[in-house]
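Residue numbers (the numbering used here): 1 to 332.
Among the hints, erroneous ones may be present.
[Claimed, not checked] In silico DSBU-like cross-links for lysine-lysine, where the CA-CA straight-line distance does not exceed 30 Å: (1) Lys301 / Lys145; (2) Lys235 / Lys145; (3) Lys301 / Lys242; (4) Lys301 / Lys192; (5) Lys95 / Lys278; (6) Lys86 / Lys242; (7) Lys233 / Lys301; (8) Lys313 / Lys301; (9) Lys86 / Lys301; (10) Lys235 / Lys192; (11) Lys95 / Lys192.
[Said to hold, decoys possible] Derived DEER-like restraints, expressed as beta-carbon distance ranges: (12) Phe34 / Ile316: 53 to 63 Å; (13) Gln149 / Ile221: 30 to 40 Å; (14) Arg305 / Ala139: 47 to 57 Å; (15) Ala139 / Leu276: 44 to 54 Å.
In short, the hints are calculated from the structure, not lab data.
Cβ coordinates follow ideal geometry from the N, Cα and C atoms, glycine included.
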Amino acid sequence: MEEILDSENQNQTSIREFILLGFGNSPQLQPLLFCFFLVIYLMTITGNIFIFLLVVADQQLHTPMYFFLANLSFLDACYSCILLPKMLVNLLTGKRTITVTGCLVQYHFVCLCGTTETYILAAMSYDRYLAICRPLHYASIMNRKFCFQLMAGAWVSSFIFDIILVGFITQLSFCGPNVIDDYFCDFRPLEKLSCTDTSLIELIAFCEAIIFIIVPFLLTITSYICIIGTIVKIKSTTGRQKAFSTCSSHLLVVCLFYSMLIIVYVLPDTPSLRHLNKIFSIFYTVMTSLFNPLIYTLRNKEVHRALRRLFNKMRILRMSHLKFSISVHFVR
């Protein structure tokens with residue numbers, strides 16, 4: 001509390017660190033929150049890295065759909081590593097400070113993951129559109145080279161735009177209060193804490209939002225409008241169910257991601273709604289990364305078969321190792 005009071009007296013002094021309020025000052029809640037987010041962190045990392053390695057290791061999953069899924073899982077794992085370790089340290093130690101440089105680095109990577117994810121989801125939607133609406137052209141369009149180009153374009157363009165935005169943010173001066181009423185560094189609180197003109201940065205952020213949120217959102221929506229239109233035209237119930245099952249998991253992920261994104265950034269940032277905004281922000285930045293691997297694995301038969309193949313290989317290797325150990329024992 002003293003840190004916050006001291007920070008409010010820094011009216012004209014250039015500050016070197018921010019204070020992340022996180023989830024308040026209640027000491028009783030800190031251990032519970034630490035345990036909760038530690039479990040979330042471990043589950044998120046384990047689930048996403050497992051899917052990534054499974055796709056890499058299983059030859060039958062080397063298809064465009066699972067290539068994009070592997071990228072999404074890698075990105076979700078990165079997202080968690082950017083946000084949760086710092087949050088866990090703050091909850092464990094009670095020290096909630098972060099340097100200005102550390103704050104800008106965290107914001108850059110949060111922004112990179114968020115903007116890249118929108119285009120990965122758009123690419124996955126386009127993949128499902130081709131598979132359902134234009135199956136005869138699927139193999140010729142969605143080849144390995146095109147898939148790599150889509151993902152490289154998503155990662156590289158996001159990195160460049162975010163570097164430009166963060167580069168302009170570094171030119172801002174922070175000379176007033178240094179309290180961020182959130183658990184991570186985001187654009188809105190940084191903009192509010194700046195004591196210099198932010199109109200140019202707001203324009204850049206607006207352009208980035210159009211390119212990396214509005215455009216991929218429209219591409220995703222367009223793909224699913226075409227998909228639904230094609231599914232409705234299928235006469236047999238079995239055919240409709242089979243077609244819908246190929247994209248239902250991805251559609252659920254898209255709905256979850258964009259609904260949380262819209263709520264977090266459209267909900268008015270008023271004191272009365274601040275705690276509600278934090279809850280939705282947790283769902284958007286942390287919980288979606290946990291839910292994504294669960295959504296894709298629980299109902300995905302291909303992933304289930306890949307898991308069975310993996311377990312069979314592990315059992316065969318274990319049996320081979322056991323036989324080798326027994327033979328060595330008898331030789332001795």
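To see whether the hints hold, each was checked on the structure:
1. Lys301 / Lys145: holds, 26 Å
2. Lys235 / Lys145: Distance ~35 Å between Lys235 and Lys145 Cα, so the pair is violated.
3. Lys301 / Lys242: holds, 12 Å
4. Lys301 / Lys192: violated, 48 Å
5. Lys95 / Lys278: With a Cα-Cα distance of about 19 Å, the restraint between Lys95 and Lys278 holds, given a limit of 30 Å.
6. Lys86 / Lys242: violated, 43 Å
7. Lys233 / Lys301: The hint holds at about 25 Å.
8. Lys313 / Lys301: OK: Lys313 and Lys301 at ~18 Å, within 30 Å.
9. Lys86 / Lys301: violated, 37 Å
10. Lys235 / Lys192: It is violated: about 56 Å lies between the C-alpha atoms, which goes past 30 Å.
11. Lys95 / Lys192: The hint holds at about 23 Å.
12. Phe34 / Ile316: 53 to 63 Å: violated, 41 Å
13. Gln149 / Ile221: 30 to 40 Å: violated, 23 Å
14. Arg305 / Ala139: 47 to 57 Å: Violated, at about 21 Å.
15. Ala139 / Leu276: 44 to 54 Å: holds, 47 Å
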